[in-house]
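Protein chains in written order, with my numbering: chain A, 1 to 200; chain R, 1001 to 1330.
Source of the hints: derived by calculation from the structure; they are not laboratory data.
Keep in mind the model is a prediction, meaning the values are calculated, not measured.
Among the clues, some could well be false.
[Said to hold, decoys possible] Here are the computed distance ranges between Cβ atoms for each label pair:
(1) R:D1026 to A:E198: 52 to 60 Å
(2) A:D114 to R:P1317: 45 to 53 Å
(3) A:D169 to R:E1207: 36 to 44 Å
(4) R:I1190 to A:D114: 28 to 36 Å
(5) R:I1190 to A:G197: 50 to 58 Å
(6) A:T113 to R:P1224: 37 to 45 Å
(7) R:D1134 to A:A124: 45 to 53 Å
(8) A:V100 to R:E1207: 31 to 39 Å
(9) A:T79 to R:P1008: 18 to 26 Å
Beta carbons are placed, not taken as given, at the ideal position from N, Cα and C, and that holds for glycine.
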Amino acid sequence: MRPENQSRRSFIKGIIASGAVASTGGLMFISGCSDNSSIPASGSVERLISLNINGTVRRVDVLPNETLAMTLRNKLGLTGTKIACDRGECGACCVLLDGVSFNSCSMLSHSLTDKNITTIEGIASPAGELHPVQTAMIEELAPQCGFCTSGQVISAVALLDQNPNPTRDEARQAMAGNLCRCGAYDHYLNAVLRAAGEIA
Amino acid sequence: MSTKDMMPHFDLFQPSDVENAIELLDRYGAEGWAIAGGQDSLAWFKDRVKRPVAVIDLKGIPGMTGITETAEGLEIGALTSLTEIANNTVIQNSYSLLATAAGRVASPQIRNIGTLGGNICQDTRCWYYRSGMDCYRAGGNTCYADTPEGQNREHCLFDADRCVAVSPSDTAPALVALDATMVVQNSDGIREIAAEDFFIGPDVDIERMTVLEPGDVLTSIKIPARWAGATFYFEKVADRATWDFPLVNIAAAIQLSGNTVEDIRIVCGAVSCVPRRLTVVEDIVRGSTRDAETIDLAAGASSRGAVTLNYNHFKIPLMENLVRRAIRDA
Ligand SMILES: Cc1cc2nc3c(=O)[nH]c(=O)nc-3n(C[C@H](O)[C@H](O)[C@H](O)COP(=O)(O)OP(=O)(O)OC[C@H]3O[C@@H](n4cnc5c(N)ncnc54)[C@H](O)[C@@H]3O)c2cc1C
Ligand code: SF4
Ligand code: FES
Ligand code: FES
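Put together the whole structure using the sequences plus the hints.
Okay, here's the thing in structure tokens:
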């Protein structure tokens, strides 16, 4: 279902953008590659979008069918955000949207223009000073393999922003969307409560 | 199935008003797909089981978010997130049944993005169907769940018709118990549908879970003041406290005078393709005191007519016990 009259501008943009895609790494080619050069229907989204990530506006070429996790990792080099299940079932990919956590594997990048996104790379201060949550996780030896850690940090930061002094049970509920295959849950919880003590 | 790759291509539209969204949905018909939070939809696309040509993102429509008190009760925009509903003080104070149910959905991250509209309109979780098998619901001519080998622990007890899938939603039973109304708009105008009539079984249409057809947008959900401040009970039983869909859930709104049940609406989820209103239970307890005899009678009657599959017998005592608790502990 392609419209006959498509503007020259969006056509040229499509061509430029499909060239840009060729340099974005193998993962993008596993599927849908034959579609990459297809001409978008009129009125559908532009591929060149601005995303405000960690306080910086980034111009990036994004496919309409691309999730934020893909954009972060493969287009913007922000590989601190992990993809584990890629279907909302683990929390490894979670990032903040105006301070609220969500799974970046389950959100189209295009839905996030005009929003403030914070990834794990934006949690420490620009000078590199760790967030109290990060320090507490080190102190409590919370991570084991570390794969779930960036998601755990994000959920803990979101919680303490809203509720600086949670009970252990409140913290457990707030962290419930982050699976840890190493089973280090209690260590992460200890760290959340330690960080709460330090922030308060 | 490896899923760490791109979804197949689709064209994405971001309409800024309902009319434009409807126009796009009409233009693409069965090849169009509306998304709200996308928490149900994107997995379908990743698995290549549903392959829309055009995705119409409703999230940019400003009038469809928010919780408003009206003369008749409450109006909730379909795009309101489950977290907002769980945390809203008006809902917590007067319609806590819905706040509790919304707070029991999926995980915190999913509730932050998933919408009430999406939670109601989500498709069934039968894994044969979700994994793309050509079962009845997918337009084929067999049901893989209802076979001697079929894994049907999560499937239905009531009203099967070829398909034995269940309604997976936690908020739907709460909305039926609160006697909510769905406000639906299409190019012909706006219509209002009682929550109880919004969900449909396979006998009505085996390929849909709700009355919505291509081109229909659920714009808001109205909750009548009728049950505001009633005595409520919601309980969900699932394998894990987070993420897992209900094995059975129960939502009850009860008007008590002393220990006598003046009126009641009680609805059970995940036992049939639609949230199942337990009118037999309502008739037994309405006008009675909440004594052991009445409660036992009601609990026993709740599962009357259940037809089990190979692996879901456990749902009968589960359902009966949830009914018992809902009436006794509310
Ligand atoms: C890991 C996981 C666990 C989950 N656990 C639970 C659980 O325990 N309990 C539970 O109830 N749910 C659960 N869910 C489902 C989840 O809650 C829903 O997927 C979510 O609420 C859907 O909201 P959404 O806005 O993201 O929907 P979307 O994916 O955007 O939409 C879902 C469907 O509804 C349609 N739709 C959405 N909004 C409208 C509208 N306004 N008008 C017309 N059609 C519309 C879409 O076309 C689509 O077909 C789980 C999901 C995941 C991924
Ligand atoms: S229960 Fe329904 S959805 Fe599942 S395999 Fe059978 S027909 Fe398909
Ligand atoms: S990778 Fe996003 S939730 Fe698991
Ligand atoms: S530390 Fe290994 S998955 Fe959590």
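Hint check results:
1. At roughly 56 Å, the beta carbons of D1026 of chain R and E198 of chain A sit within the given window of 52 to 60 Å.
2. Hint check: D114 of chain A to P1317 of chain R, Cβ distance near 51 Å, so the stated range 45 to 53 Å holds.
3. Range check, D169 of chain A to E1207 of chain R: Cβ separation about 43 Å, and the 36 to 44 Å hint holds.
4. About 29 Å separates the C-beta atoms of I1190 of chain R and D114 of chain A, a value consistent with the hinted range of 28 to 36 Å.
5. For I1190 of chain R and G197 of chain A, the hinted distance range of 50 to 58 Å is satisfied, since their beta carbons lie about 53 Å from each other.
6. Distance hint check for T113 of chain A and P1224 of chain R: the Cβ-Cβ separation is about 38 Å, which falls inside the suggested range of 37 to 45 Å.
7. At roughly 51 Å, the beta-carbon separation of D1134 of chain R and A124 of chain A lies within the given 45 to 53 Å, and the hint holds.
8. The hinted range of 31 to 39 Å is satisfied by V100 of chain A and E1207 of chain R, whose Cβ atoms lie roughly 35 Å apart.
9. One distance hint, 18 to 26 Å for the beta-carbon pair T79 of chain A and P1008 of chain R, holds here, with the actual separation near 24 Å.
Hint compliance for this structure: no hint is broken.
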